[in-house]
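Participant: If you read the sequence shown in the UniProt record's numbering, its first letter stands for residue 1, the second for the next number, and so on.
Don't take every hint at face value.
Below are the DSSO-like pairs computed for lysine-lysine, each with C-alpha atoms no more than 30 Å apart in a straight line [what the hints assert, rightly or not]: (1) 41 with 227; (2) 31 with 41; (3) 278 with 181.
For each label pair, taking beta carbons as the anchor points, the in silico distance ranges come out as [what the hints assert, rightly or not]: (4) 340 with 297: 41 to 51 Å; (5) 84 with 34: 28 to 38 Å; (6) 243 with 202: 17 to 27 Å; (7) 214 with 250: 17 to 27 Å; (8) 198 with 28: 48 to 58 Å; (9) 54 with 230: 38 to 48 Å; (10) 250 with 28: 54 to 64 Å; (11) 297 with 250: 17 to 27 Å; (12) 61 with 266: 25 to 35 Å; (13) 140 with 297: 36 to 46 Å.
Because the hints were derived from the structure by calculation, they are not lab data. Keep in mind that this is a model prediction, so the values were computed, not measured. Ideal Cβ positions, reconstructed from N, Cα and C, are used throughout, including at glycine.
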Amino acid sequence: MKNLPKKQTPPENFQELGNGAGHNREAELQKQLNEALFIGKFMGAINATLDPNDVCAIAARVLYEHVPYLRIVFSLSEKLGSNTLTFSPAEPKQSGFNPAAADSIYNSDADSIRQIQCDNPTFLCNDNIRFRRYSFELPEEMGNIEVFFDKRAISSLSVLFLTGVAENFARTLKNSLEYSKVKELAMRDSLTGLFNRRVFDEMLGLEGERQKLMPLSLLLIDLDDFKQVNDTFGHSAGDQVLATFGRILRESCRGADLVARYGGEEFAVVLPTTPSSKAFEIAQRLRIRFAATAFAFEGRHFKLTASIGIACTFDTSSVPVSDLVQRADNALYRAKKEGKNRISVYSTGKVEPVGRKTERKKTNARRQAGELAYAGVLTL
């Protein structure tokens with residue numbers, strides 16, 4: 001009778017090995033589930049805003065809640081404002097984190113760098129140091145992000161998870177960039193590139209609240225006899241004049257000034273922390289420069305002038321900002337009525353030292369030099 005093979009008996013630890021493998025699979029599935037749930041939460045949070053800076057701040061906060069990091073640095077490109085935003089929730093003294101040292105090790109020990117390439121983006125990390133840095137470039141030259149982790153804290157993070165976080169963040173940031181472009185277009189006058197009337201009204205109110213203890217001046221500017229340009233040469237010529245004056249305004253004003261096209265051939269300039277004496281100097285430079293600008297249409301050359309009305313909060317017993325526009329408009333009306341090509345300063349019984357006396361000296365000097373242009377200073 002043929003001998004049958006002896007029945008193999010399983011090792012004593014077979015059941016234990018099976019339980020261990022099952023436990024590992026269960027743990028891995030749970031990890032994947034947690035990561036998927038987090039990415040869903042992460043997407044919902046960062047999509048709640050369309051401001052690039054807020055997207056970064058929310059991303060930093062939500063990511064830290066899931067996996068505490070030492071530092072995250074968003075280096076945004078020029079198209080996003082050239083901002084560098086740094087968030088360091090972990091206390092450096094407690095963590096022992098030294099980003100400068102981590103960087104020097106990271107950059108000098110190139111052989112130890114492990115590169116993990118995904119669809120988008122590329123992660124770089126150094127396995128030989130305690131602090132691991134993940135760095136990736138945002139698409140479409142939007143900038144880059146660096147996240148510093150304690151190596152022990154992220155040993156279980158998957159590349160799929162990091163890629164998902166990065167890709168969703170990049171997509172949201174791109175959307176915020178597109179929104180910012182559309183918002184910027186809605187805020188600007190398409191012809192001159194200046195802010196439009198709606199933005200001017202909103203910003204003037206904000207400036208008024210911010211400058212309650214500081215002077216705030218307003219220039220209202222009207223191009224003299226502008227209608228004749230349109231009637232004589234057509235609207236394309238008028239558009240060229242408006243665009244040129246808009247450029248002169250941008251070049252003549254300071255970075256903190258709010259420059260807007262108020263409507264038609266009228267423009268407005270808000271000058272924060274500026275008394276009427278300084279506002280007058282700015283207006284005078286602007287008026288003289290525009291009067292010296294030559295235009296040529298259909299072989300004919302000519303020049304235009306501008307009239308300017310000025311009102312200041314400190315010159316009118318802390319007048320509310322809501323009344324500032326009306327007072328500047330009254331000053332502008334007086335300048336037009338008195339002959340155009342001049343500046344009128346609204347005041348209630350007092351004039352800044354730069355008023356009549358200073359302007360009279362400048363006017364006499366210009367007359368002696370043969371300059372025909374004249375600017376008058378009128379006090380209402």
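Participant: For the pair supplied as a hint, residue 41 and residue 227, is the alpha-carbon distance within the 30 Å limit?
Facilitator: Given that 30 Å is the threshold and the Cα spacing comes to 58 Å, the pair is violated.
Participant: Could you check the hint for me, namely that residue 243 and residue 202 are 17 to 27 Å apart, CB to CB?
Facilitator: Cβ of residue 243 to Cβ of residue 202: about 24 Å, so the range 17 to 27 Å holds.
Participant: Between residue 297 and residue 250, does the beta-carbon spacing fit 17 to 27 Å?
Facilitator: holds, 23 Å
Participant: With 36 to 46 Å as the target window, see if residue 140 and residue 297 comply at their CB atoms.
Facilitator: For residue 297 against residue 140, whose Cβ atoms are near 42 Å apart, the range 36 to 46 Å holds.
Participant: Do residue 198 and residue 28 keep their Cβ atoms within the hinted range of 48 to 58 Å?
Facilitator: holds, 55 Å
Participant: Holds or violated: are the alpha carbons of residue 278 and residue 181 at most 30 Å from each other?
Facilitator: violated, 34 Å
Participant: Is 17 to 27 Å a correct range for the gap between the Cβ atoms of residue 214 and residue 250?
Facilitator: The hint (17 to 27 Å, Cβ to Cβ) holds, given that residue 214 and residue 250 are roughly 24 Å apart.
Participant: Is 28 to 38 Å a correct range for the gap between the Cβ atoms of residue 84 and residue 34?
Facilitator: Holds: the Cβ-Cβ distance is about 31 Å, inside 28 to 38 Å.
Participant: Given the hinted pair residue 31 and residue 41, is their Cα-Cα distance within 30 Å?
Facilitator: Holds. Residue 31 to residue 41 sits at ~15 Å (cutoff 30 Å).
Participant: Please check whether residue 54 and residue 230 have a Cβ separation lying inside 38 to 48 Å.
Facilitator: Since the Cβ atoms of residue 54 and residue 230 sit about 44 Å apart, the hinted range of 38 to 48 Å holds.
Participant: Tell me if the beta carbons of residue 340 and residue 297 are separated by a distance inside 41 to 51 Å.
Facilitator: violated, 21 Å
Participant: For the hint 54 to 64 Å, verify it against the beta carbon of residue 250 and that of residue 28.
Facilitator: holds, 60 Å
This entry does not satisfy hints 1, 3, 4 and 12, going by the numbered hints stated previously.
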